[in-house]
Structures are given as structure tokens and as C-alpha cells.
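Asker: Next come the chains, spelled out residue by residue.
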Amino acid sequence: MSGVTIRDLSKAFPRGDGTVTQALENVNLEIGDTEFICLVGPSGCGKTTLLRIIAGLETATSGSVTIDGRAVTGPDPKRGMVFQEYSLFPWRKVVDNVAFGLEMKGVGKAERRKTADRYIEMVGLSQFRDAYPFELSGGMRQRVAIARALANDPDVLLMDEPFGALDAQTRNRMQKELLSLWEQTKKTIVFVTHSVDEAVYLSTRIVVLSPRPGSVREVIPIPWQHPRDRTSTEFADVRRKVLRMIDETENAQ
Amino acid sequence: MNRQTQKRLLGAAALVVAAVIWQIVAVYIVGRSFILPSVTDVAEAFVNLLGSGTLLTDAVVSLEHFGIGLIAALLLGVPIGILMGWFRVADFLLDPIIEILRPIPPLAWIPFAIIWFGLTTQAAGFVIFAGAFFPILTATYSAFRSVPKVFVEAGKVLGCDTSFELIRYVALPAALPAIASGIRIAMGVGWMCLVAAEMFGVSNYGLGYQLWHNYYLHQMPNVVVYMLILGFVGLAIDRIFRNYVDARLLRWHAGEVA
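Sequence lines, in order, name chains R and L. One point on numbering: in the numbering used here, the residue at position 133 of the first sequence is 133, and numbering is uninterrupted. One point on numbering: in the numbering used here, the residue at position 131 of the second sequence is 131, and numbering is uninterrupted.
Mixed in with the good hints, there may be bad ones.
[Unchecked claim] Here are some of the chain L residues that sit facing chain R, going by a computed Cβ distance under 7 Å:
| id | residue |
| --- | --- |
| 1 | I71 |
| 2 | G159 |
| 3 | C160 |
[What the hints assert, rightly or not] Partial selection, computed: residues in chain R whose CB lies under 8 Å from chain L:
| id | residue |
| --- | --- |
| 4 | G69 |
| 5 | A71 |
| 6 | G101 |
| 7 | M104 |
| 8 | V107 |
| 9 | K109 |
| 10 | F128 |
| 11 | Y132 |
| 12 | F134 |
| 13 | G138 |
| 14 | N152 |
Derived by calculation from the structure, the hints in this document are not laboratory data. Even glycine gets a Cβ: it sits at the ideal position worked out from N, Cα and C.
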């Protein structure tokens, strides 16, 4: 239903002195419907750039991203995005943040608030629906951000290190909750992370990018059921393998 | 006694002491009401002016001048600031003009205010506009330039398709606190320009006009009365605006800066 196809994608950023920085080169990737993909790779390999191109926030220099056969040309509410930084609108209450996308679609106030309430409940924040973002903790803010992206009923949910700023315990809890949301909503998720542990815990496939210019170095399927046991030997094996891959390339630079 | 009452009591006590010192200096050291009117001289002048009935008219006229100037400054300053802050082309086009006009002291516009509008409310309003426009414009401009990029991108991803929608639903609310402080500054400048505009004879009424008029008549206690009223009205305008902004417009902002 909602597959993402990335074909021969390259991205170069112009630099001040007239030269270019090649961020991505010939990225090819096929993401199936309801997959949970994690993008990992050494720092600066362009994983966030790749995600932003899928979101339509950056344009590729060459190549294409298509979703269900339609080319991505710009931002669209059909692709939800959760940012690393706190991106909630601080002047809106939780409920009106979550309802923002529906408001832009022209959905009436009563109806959009009803929908928003459903997603707020899904992320377990019903008693905070009338709170302003500054009253929420970091983990709660990211939950609202997820609810806000889901309220648009997107085909794909794009997440750019959404838990990067959270403490370890909150992060683990958020990972569990995200998996349960994924199972409830059956969204395709593309998730950028620095944490290999997080990637092994969450994804159905890990996509390891090579250093700049980034391209797909290896795709590692993780067929295990959720919830996964972080302390199992298989878990440790996969984590070691991915970490080694990233380390090698980082040292080769 | 809590902090708040303590603050009020001490403040009131200091005012009383200042008034007593003023009275002693005026009566026993200076001794001439023309050089330094005493507290009682000023109080008496105030009662007399209240009785003559022009005080209220003058205050209303001044507020009218102020209102015209400020509203005009808002109607032009905010939209132009938005255009320049959001669209690079508008910035490049208008910036040189603005930079040339901005350093001109607002009071330098008084001759043309009189020539263009005559001795009318609009003429006084124009001088106040000249003072209030630039603080509003620059505050709006820099507020728009510093809207966090992530808000704009979130707006785009959530379905804001046009610049108009992004401005209306994302940039403007994000910029509002900074615009509001620009408006506060503009009101202060405008209020100062008001006195000068009225003193220079753009109008035959108003608090500033009366202040100058009483100086010509050597009624120095009356001059002090008008000085104090100008101060109090200016203070009241600032307080009312700030309370309105904090309570209605920017309830969310208190938590952001704290």
C-alpha cells in the first residue's frame, strides 16, 4: 500500500567557495508497506538528509523518491515527520497542536478536536490535552509530536532521532510505546538514529549507510518478534555486527 | 508581612519622603514658585485645572493624536516588517529606503506634518507615527527572521502549502512576543513625540500643548501638573498594554521564558 522507492538518489550541497559537498550518492532502497526501517551510519553520512528528502523538505540533486508510484516533490501531510528538536508550537495547547494538520485541511473545530483527542489518548496524554508545551517533559513533548504527525493519517511516518534528547529510561519507554503505536496504526516508519541498540530493538530492517557521500552499505533484516530482549545473545550479535560496520568506515576516513 | 506588601509599603514610604523633601526644598531653600513649585502649589494648581474642565479634553485630544499615530504605525509597520522578514526580495528592495529614513529624528518631520496636514489631529498623529513606525517595523522584521526553522518545517509537513498559511499559522504566532515588545517600545517613543508635536504647535489642544502654553504664561505649577499627568498616562498605557498582552495574547510565553 505505502511503499517508498528510492532510486539512484544523490544530493550535493553547494558550499560558499563554489565547490559542492556530496552528501548522498546513488542511494537505492525499497521500503515495503508497514515496514519499520532504521537508518544508521557514521556521523555526517547523510541519514538525516535522506529522511528530509523523503519528507520533501530538501530536493535531491538527481534520482527520485516515489511513494505508491507518485514522485515526492515537496512536503505533504501524507508523510508525517517527527523532528529531533522540540517542534511543537508553543502557543498552541496540546490538543490544538495535534489538530493543526486537520485545521490546515479545513476540518471543523469540533471534529478535528475529536480526532486529536483520540490520538492524544493513544499516546497516553489525555489529562494534558489543555496543557501548553512548556508544561510538558521532553518525553511527553515527543509523544505529542508523534500524535500530531499521526493525526494527519500519513502513509509514512518519518522520524529524525526523535528520542535523541531523552534520558535513557524515558527513551526505552518511548521505544516500547512507539512499537505499540506502530502495531496499532500499521504505518510505514522510517527512523533515523545514532543508537544501534535502538535500531536493533525497533526495526524490521536496519539500513547501514556508508560515510559521506552516503550510500546504502548494507541492509540487515531483523525478523524477530517484538518485544525483543536486549540482553539476548542474538541481539548482541547483530548490534556488534552493525557497530563494527560503522566503526570500520569511520576509521577508514 | 509578605514580600508584596513589603514592597508596596516601602514604595509608598519613599514617595512620601520624596514629596516632603521636595516641599522643604521648594519652600525653605528655593523659595520661589517660578523656579521650583512646591508640592502644595502643584496640588492647588491641579485642583484649579480640574475645576476649569480642560484637563479631560486635553487628555482625550492627546490620546486621540497618540491613537492615530500608533494605529497607522501598526497598520504599516507590521505588514512591511512581515514582508521584509519573510521575503528576501522585499528585504533587498526596501532595506536601503528604510535605512535612510530610519535615522531621521521623528521631530524633524514636524514642518512637513504641518505643511501636509495643517494644524490638525492628523498632523500630530503623523509625528507620532514617524516615531512609532520604525520600532514596530524593526521588531517585526527581526522577529520574523528569527522564527525557528523547525516550526516552519513542521508547518510545511503538516499541510501549510502557501507562504500566507505559514505566516498566518506559524510565523506570526511565533513572532508575536517579540512584536509585542517592539510595540511597547514604539508606544514609549510615540508618547514622547506626542508632547513635542503638540508643543511645536501642531495642535491647539492636548497635554503637550497645554504644558508649553502654561510655560509661556509662567504658570509653573501648572507645567508640573501637566508633566505629571503625561507621566501617569504614559505609565497607564504601558501597564494596560502589558497586562493585556500577558493575560490574553501570550499566556503560553510566560512558561517559555521562565
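Asker: Now tell me, hint by hint, if it's right for this structure.
Answerer: Okay, the hints, checked on the actual structure:
no.	hint	verdict
1	I71	violated, 24 Å
2	G159	holds, 4 Å
3	C160	holds, 6 Å
4	G69	violated, 21 Å
5	A71	violated, 17 Å
6	G101	holds, 4 Å
7	M104	holds, 4 Å
8	V107	violated, 11 Å
9	K109	violated, 14 Å
10	F128	violated, 14 Å
11	Y132	holds, 5 Å
12	F134	holds, 3 Å
13	G138	violated, 15 Å
14	N152	holds, 7 Å
Of the numbered hints given earlier, the model fails hints 1, 4, 5, 8, 9, 10, 13; all others are met.
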